[in-house]
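> Order-wise, the sequence lines are chains R and L.
The first sequence runs contiguously to residue 247 in numbering that gives the first Met the number 0.
The second sequence runs contiguously to residue 247 in numbering that gives the first Met the number 0.
Heads up, some of the hints might be wrong.
When chains are identical, the list treats them as one kind, so a pair holds in a single copy or across two.
Straight-line C-alpha distance at most 30 Å; calculated DSBU-like pairs for lysine-lysine [stated by the list, open to error]:
#1 K1 with K74
#2 K1 with K187
#3 K74 with K168
#4 K74 with K170
#5 K170 with K75
#6 K42 with K19
#7 K168 with K191
#8 K170 with K220
#9 K74 with K236
#10 K168 with K195
#11 K1 with K19
#12 K42 with K138
#13 K74 with K241
#14 K1 with K191
#15 K55 with K187
#16 K195 with K241
#17 K138 with K220
#18 K55 with K195
#19 K220 with K55
#20 K170 with K1
In short, the hints are calculated from the structure, not lab data.
2 protein chains.
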Amino acid sequence: MKISVLISPLNADELFFTGKTTVVIDVLRATTTISTALQNGAKEVIPVNTVEFAMKVSGNAFGGQTILGGERNTKKVEGFTLGNSPLEYTQENVFGKSIILFTTNGSKAIVRAKFSENLITCSFNNLGSVANHLLDLNKDFIILCAGANGMFSLEDTICAGKLITELTKLKEEIILTDSARASVSLSKSFGKNISKMIAETEHGRTLIENGYSDDINYCAKLNSIDNVPVFSSGVIKNYEPKVEQSAN
Amino acid sequence: MKISVLISPLNADELFFTGKTTVVIDVLRATTTISTALQNGAKEVIPVNTVEFAMKVSGNAFGGQTILGGERNTKKVEGFTLGNSPLEYTQENVFGKSIILFTTNGSKAIVRAKFSENLITCSFNNLGSVANHLLDLNKDFIILCAGANGMFSLEDTICAGKLITELTKLKEEIILTDSARASVSLSKSFGKNISKMIAETEHGRTLIENGYSDDINYCAKLNSIDNVPVFSSGVIKNYEPKVEQSAN
Numbered sequence: 000m001k002i003s004v005l006i007s008p009l010n011a012d013e014l015f016f017t018g019k020t021t022v023v024i025d026v027l028r029a030t031t032t033i034s035t036a037l038q039n040g041a042k043e044v045i046p047v048n049t050v051e052f053a054m055k056v057s058g059n060a061f062g063g064q065t066i067l068g069g070e071r072n073t074k075k076v077e078g079f080t081l082g083n084s085p086l087e088y089t090q091e092n093v094f095g096k097s098i099i100l101f102t103t104n105g106s107k108a109i110v111r112a113k114f115s116e117n118l119i120t121c122s123f124n125n126l127g128s129v130a131n132h133l134l135d136l137n138k139d140f141i142i143l144c145a146g147a148n149g150m151f152s153l154e155d156t157i158c159a160g161k162l163i164t165e166l167t168k169l170k171e172e173i174i175l176t177d178s179a180r181a182s183v184s185l186s187k188s189f190g191k192n193i194s195k196m197i198a199e200t201e202h203g204r205t206l207i208e209n210g211y212s213d214d215i216n217y218c219a220k221l222n223s224i225d226n227v228p229v230f231s232s233g234v235i236k237n238y239e240p241k242v243e244q245s246a247n
Numbered sequence: 000m001k002i003s004v005l006i007s008p009l010n011a012d013e014l015f016f017t018g019k020t021t022v023v024i025d026v027l028r029a030t031t032t033i034s035t036a037l038q039n040g041a042k043e044v045i046p047v048n049t050v051e052f053a054m055k056v057s058g059n060a061f062g063g064q065t066i067l068g069g070e071r072n073t074k075k076v077e078g079f080t081l082g083n084s085p086l087e088y089t090q091e092n093v094f095g096k097s098i099i100l101f102t103t104n105g106s107k108a109i110v111r112a113k114f115s116e117n118l119i120t121c122s123f124n125n126l127g128s129v130a131n132h133l134l135d136l137n138k139d140f141i142i143l144c145a146g147a148n149g150m151f152s153l154e155d156t157i158c159a160g161k162l163i164t165e166l167t168k169l170k171e172e173i174i175l176t177d178s179a180r181a182s183v184s185l186s187k188s189f190g191k192n193i194s195k196m197i198a199e200t201e202h203g204r205t206l207i208e209n210g211y212s213d214d215i216n217y218c219a220k221l222n223s224i225d226n227v228p229v230f231s232s233g234v235i236k237n238y239e240p241k242v243e244q245s246a247n
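Model the full assembly from the supplied sequences, consistent with the hints where possible.
Here's what the structure looks like:
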């Protein structure tokens, strides 16, 4: 099993992902929010890469079961029902709903990787479940850090490093690219106190300044959720193992 | 003084660099080669981002004072006089010459950053001189890692981390972005034995497989050259302090 890490979605074009297994990480906050929404009973999350497309998809939906969620520059997009704080994605707000999600980095990263054969989202919250799922898949995979406006994101890279570390505990014969080795090293150097680490990052400080301190603590919780969000045919749902049909 | 690190040229467009101070690093091997060529008396190095443009610039030059240098996939480009091994850029080969340089990552990164107000190239070889020059400039700056085909390069990031570490020894009140903090951390984790570190990277292993082991040892030498290559108006020359004119 070979593991590599992409520091930013800009480092590869859409076709790069064709046929690959990809894990998208956007700790602050898209992939944390996706995991939370699905945990709280959302039917599905539909990631989009422009606000205009969010509006268009929303216009095609009906029956009051579709809500718009997301942010621009950490704040809720005007006209959207929810922002990008995972704490908003409660059972009361999302149960049974389709959520169209637009965010500055995370939803775009997922759309960028849409041609992947397997496309999974990961955060600190569901890192353990994702590690076990990747172990079952037993394929080479790429971790795509959503980054920050095309640039490096410390919290995403450290989450990538922790995911890799978890897998190397569970499985032998794992080959790491240079980017994967660097992520593991950074997770060792910075990842002991996740909440403190996040609070000290550029993005963490911006969130705190905008009144989202509770989000930091929530996004830092390791293995608090046990789902595996999987993207397929344009929507993200909880992974459910296929039930083998009886031969009778 | 604020220092940030760009992991790859793809993380920012050309206009991002307008008015900025930028240090380009491509340890294997473009910025090592540039520093070596200038040390050995090359008149200038002209970085280009396509082979076609190299041929065109070369066609405009005359008098036998212009040579083509560079590589594609570590090997010398067909029809070029020199490859990208710094060991080829001897006094005998380059003294007094203009060198048109095309490489897979390094020369492209320099051209990408061409709108910078100050554009400097750095390698392990001339890291100390560059640190002192940046100290004199006393401006915020960006380190642009040439990377590997748009992706992360461990040796470039570690060289960036060492350059930052050198500066933090010389100056107080340095602000590091997350990418700069990560580079410093990686240089501490991997940078104790530079030659061994480079030999273990993906790019280092490819060079060794292609018979360039001596290049690794050469590129790993810390502070073996004391020049500061500066890009201005399309060409790279050694930095020379302006001589203040007498008032008389």
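> Confirm or reject each hint.
Checked hints:
1. K1 with K74: For K1 and K74, the Cα distance is within 30 Å only across copies (27 Å; inside one copy 37 Å).
2. K1 with K187: Close inside one copy (20 Å) and across copies (25 Å); limit 30 Å.
3. K74 with K168: Answer is neither; intra-copy 38 Å and inter-copy 39 Å both fail.
4. K74 with K170: Answer is neither; intra-copy 41 Å and inter-copy 37 Å both fail.
5. K170 with K75: neither (41 Å within a copy, 41 Å between copies)
6. K42 with K19: within (26 Å within a copy, 47 Å between copies)
7. K168 with K191: both (17 Å within a copy, 26 Å between copies)
8. K170 with K220: within (24 Å within a copy, 37 Å between copies)
9. K74 with K236: within (25 Å within a copy, 47 Å between copies)
10. K168 with K195: For K168 and K195, the Cα distance is within 30 Å both inside one copy (25 Å) and across copies (26 Å).
11. K1 with K19: This pair counts as within: shortest intra-copy Cα distance 12 Å, inter-copy 38 Å.
12. K42 with K138: Within. Shortest intra-copy distance 28 Å satisfies the 30 Å Cα cut-off; inter-copy 52 Å does not.
13. K74 with K241: Neither: 39 Å inside a copy, 49 Å across copies.
14. K1 with K191: both (25 Å within a copy, 26 Å between copies)
15. K55 with K187: Neither: 43 Å inside a chain and 49 Å across chains, both beyond 30 Å.
16. K195 with K241: Classified as neither; 39 Å inside a copy, 47 Å across copies.
17. K138 with K220: Result: close within a single copy only, 27 Å intra versus 39 Å inter.
18. K55 with K195: Neither, since 39 Å and 54 Å both go past 30 Å.
19. K220 with K55: neither (35 Å within a copy, 57 Å between copies)
20. K170 with K1: So K170 and K1 pass the 30 Å test inside one copy only (12 Å; across, 41 Å).
Going down the numbered hints, you'll see the structure goes against 3, 4, 5, 13, 15, 16, 18, 19, while the others check out.
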